[in-house]
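Q: Residue numbers (our numbering), protein chains in the order written: chain A, 1 to 333; chain B, 1 to 333.
Mixed in with the good hints, there may be bad ones.
No copy is singled out in the list; a pair is fine if it fits within one copy or between any two copies.
Claimed, not checked - Dumping the calculated EDC-like pairs for lysine to aspartate or glutamate here, alpha-carbon to alpha-carbon at most 16 Å:
(1) K239 - E219
(2) K101 - D304
(3) K322 - E309
(4) K39 - D319
(5) K321 - D295
(6) K239 - E217
(7) K239 - D304
(8) K153 - D163
(9) K101 - E111
(10) K182 - E207
(11) K156 - E291
(12) K182 - E59
(13) K322 - E291
(14) K321 - D35
(15) K107 - E127
Treat the hints as calculated values from the structure; they're not laboratory data.
2 protein chains.
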Amino acid sequence: MKRNLARLCVLFGFVLACAGVATARQAEPLASWNDGASKQAITRFVKEVSTAGGTGFVEPAERIAVFDNDGTLWSEQPMYFQLAFALDRVKALAPQHPEWKQEQPFKAVLEGDLKTVLAGGEHALLELVMATHAGNTAEEFAQTVKDWLDSAKHPKTGRPYTDMVYQPMLELLAYLRANGFKTYIVSGGGIEFMRPWAERVYGIPPEQVIGSSIKTEYELRDGEPALVRLPEINFIDDKAGKPVGINQHIGRRPIAAFGNSDGDLQMLQWTTAGDGARFALLVHHTDAEREWAYDGNSSIGRLDKALDEAYVEGWTVVDMKKDWKVIYPFERP
Amino acid sequence: MKRNLARLCVLFGFVLACAGVATARQAEPLASWNDGASKQAITRFVKEVSTAGGTGFVEPAERIAVFDNDGTLWSEQPMYFQLAFALDRVKALAPQHPEWKQEQPFKAVLEGDLKTVLAGGEHALLELVMATHAGNTAEEFAQTVKDWLDSAKHPKTGRPYTDMVYQPMLELLAYLRANGFKTYIVSGGGIEFMRPWAERVYGIPPEQVIGSSIKTEYELRDGEPALVRLPEINFIDDKAGKPVGINQHIGRRPIAAFGNSDGDLQMLQWTTAGDGARFALLVHHTDAEREWAYDGNSSIGRLDKALDEAYVEGWTVVDMKKDWKVIYPFERP
Chain A
1 MKRNLARLCV LFGFVLACAG VATARQAEPL ASWNDGASKQ AITRFVKEVS
51 TAGGTGFVEP AERIAVFDND GTLWSEQPMY FQLAFALDRV KALAPQHPEW
101 KQEQPFKAVL EGDLKTVLAG GEHALLELVM ATHAGNTAEE FAQTVKDWLD
151 SAKHPKTGRP YTDMVYQPML ELLAYLRANG FKTYIVSGGG IEFMRPWAER
201 VYGIPPEQVI GSSIKTEYEL RDGEPALVRL PEINFIDDKA GKPVGINQHI
251 GRRPIAAFGN SDGDLQMLQW TTAGDGARFA LLVHHTDAER EWAYDGNSSI
301 GRLDKALDEA YVEGWTVVDM KKDWKVIYPF ERP
Chain B
1 MKRNLARLCV LFGFVLACAG VATARQAEPL ASWNDGASKQ AITRFVKEVS
51 TAGGTGFVEP AERIAVFDND GTLWSEQPMY FQLAFALDRV KALAPQHPEW
101 KQEQPFKAVL EGDLKTVLAG GEHALLELVM ATHAGNTAEE FAQTVKDWLD
151 SAKHPKTGRP YTDMVYQPML ELLAYLRANG FKTYIVSGGG IEFMRPWAER
201 VYGIPPEQVI GSSIKTEYEL RDGEPALVRL PEINFIDDKA GKPVGINQHI
251 GRRPIAAFGN SDGDLQMLQW TTAGDGARFA LLVHHTDAER EWAYDGNSSI
301 GRLDKALDEA YVEGWTVVDM KKDWKVIYPF ERP
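Isolated chain A (complex conformation) (with noise of 0.2 Å):
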């Protein structure tokens, strides 16, 4: 029967998915969860949506779910990795651009003065991912951003930033698919900055990843097409704008969100407010020896008014300290 089974998921191409229902029947889903009530209520709803005949059914086409990926998926501390990312291409852009020394925030940058780039609030910000992100071809992006995270680590944990994935959530994401569950990335990071790595690290296509963007124009650069990026905003997929990132491209409201901050609770709210079964939950950074702790006060990834939210409306709020047997994948027994 195994064999047949393999033989058939080659037979119809549906390589990768088969891969992760066989994974999913060969060891314990959600193995890194404690038991408990979060445990519990994905188990439940999962379940329930999932019985052929139960009042709460829905059909595979409707499982969408949709997943946060800053503090949802992967580590946002001490700097959302993005931002490590821009700061790293300003100092290797620096040689191009001499006036930099001279100007904020590249001066401030390249004087490894983080202080002062964040003082520079959301403005600085932005100018750094234009002057690093725009400029050159969607293939050429993202060959950088495979180039830098071959090479980057972490300041704390002196690891690549993709081995910084939260292993509860990768079983999340593997149990979810295993059930019929098409998930998606909806974050207010870059979408060609995740792209590029987000199915080999999260089992996620390209298709199915959803981000802040850029504008890109098509042009002939001798003869050949090619897709430049150009150093203004096209969308801002975070807050209100996730909702909005949602139709625009997957035209079906999800049936289940995950957020960990502020900048997902449209998107839960968007989410729950729909008929039948629904979920939402909320990964509260409640770990400060194994990962960070913070939340209301901190201004990566705050979360206060979704919290609020998520306890007046019963929304699943894991404690990652009590909830997650490990955070990383390298913690692994």
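Once you have looked at the hints, place chain B on chain A.
A: Same frame as chain A, but now just chain B:
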């Protein structure tokens, strides 16, 4: 074996995909295509990319095929069907807009004077779209489109517009999907105009429909989340916009592209400029008797530069009169 397959399909939730496979096994693929160069080019390409171990093999995940809609999957004469929808909406909404009796282009629409409407050019058409496509929620608009399709009849055939899809293209969509392709619509038409019926008619789910759009805004209406449609252009998915829309939504370069007009030229260029096996096809409207005959001189679906480039590049050009046994599903014997 067949029963086992069916059981596995249900078991793993691949209901739609497996149904497609089953259909392709039962019926002769591309049955409405006459034997000839076009059909041979299609089957040769599909065999090339799907033969494991062959030099042209492409992983299923990368088998992305993009289809224009108007004039490629369904008819577009005597006017784009979405324009017929907009004109009907003007008439339906007129009682709430007494001022339209005096204001162009609404006055001309209400008087049935299509010539004056079209003489207003792009600006007049945009005004009509804004007045008839905005101001409601995404869900209300989808219902309006469905209601219209249930009652509206095409002026020439007297049939519902969704009957006027091309039978050979339906077979082509099914054939590609049966061979591991993911099929997308990439149309200048409205994304929210196509999504309510594309799955039923073409087997293409909402998340695989890319099109032009107006802006939407997330808001709470009496505490209920809603996506409200604004009278402001968000994105025009035509000409150089098509590769941009593809990159934004899919994040992969397609390996096969299907169109019928100069609006599809850049999409075909972008697709064929990638490495490995590539396929581009233009539907040439050559059948004045069974459909319409037009190309370089038509304001709707103008096919001029793209046809020149097709001959230079060796793209497949479908001669509707010669290549297709029937045009519409209702003509099948």
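Q: For every hint, state whether the structure bears it out.
A: Each hint, compared with the structure:
1. In this homomeric assembly, K239 and E219 come within 16 Å of each other (Cα to Cα) only across copies, at 11 Å, whereas the closest approach inside a single copy is 33 Å.
2. With identical chains, the CA atoms of K101 and D304 are never at most 16 Å apart, being 38 Å at best within one copy and 52 Å at best between copies.
3. Taking identical chains as interchangeable, the C-alpha atoms of K322 and E309 are never at most 16 Å apart, the minima being 21 Å within one chain and 63 Å between chains.
4. For the homomeric pair K39 and D319, the shortest alpha-carbon distance inside one copy (11 Å) is at most 16 Å, but the shortest distance between copies (59 Å) is not.
5. Taking CA atoms no more than 16 Å apart as the test, K321 paired with D295 passes inside one copy only; the shortest distance there is 14 Å, against 66 Å between copies.
6. Taking the shortest alpha-carbon separations for K239 and E217, only the inter-copy value of 11 Å comes in at or below 16 Å, while the best intra-copy value is 26 Å.
7. In this homomeric assembly, K239 and D304 come within 16 Å of each other (Cα to Cα) only inside a single copy, at 13 Å, whereas the closest approach across copies is 45 Å.
8. In the homo-oligomer, the alpha carbons of K153 and D163 lie at most 16 Å apart inside one protomer (10 Å), although the nearest pairing across protomers, at 58 Å, exceeds that limit.
9. For the identical chains of this complex, K101 and E111 are intra-copy neighbours only, at 9 Å inside a copy versus 66 Å across copies, given an alpha-carbon limit of 16 Å.
10. Both within a single protomer and between protomers do K182 and E207 lie at most 16 Å apart by alpha-carbon distance, with minima of 11 Å and 11 Å respectively.
11. In this assembly of identical chains, K156 and E291 lie within 16 Å of each other by CA distance solely inside one copy; the values are 10 Å within and 67 Å between copies.
12. For the identical chains of this complex, K182 and E59 are intra-copy neighbours only, at 12 Å inside a copy versus 20 Å across copies, given an alpha-carbon limit of 16 Å.
13. Within a single copy, K322 and E291 get their C-alpha atoms as close as 13 Å, which meets the 16 Å cut-off; across copies the closest is 67 Å, which misses it.
14. Only within a single protomer do K321 and D35 lie at most 16 Å apart by alpha-carbon distance; the minimum there is 13 Å, versus 66 Å between protomers.
15. In this assembly of identical chains, K107 and E127 lie within 16 Å of each other by CA distance solely inside one copy; the values are 12 Å within and 48 Å between copies.
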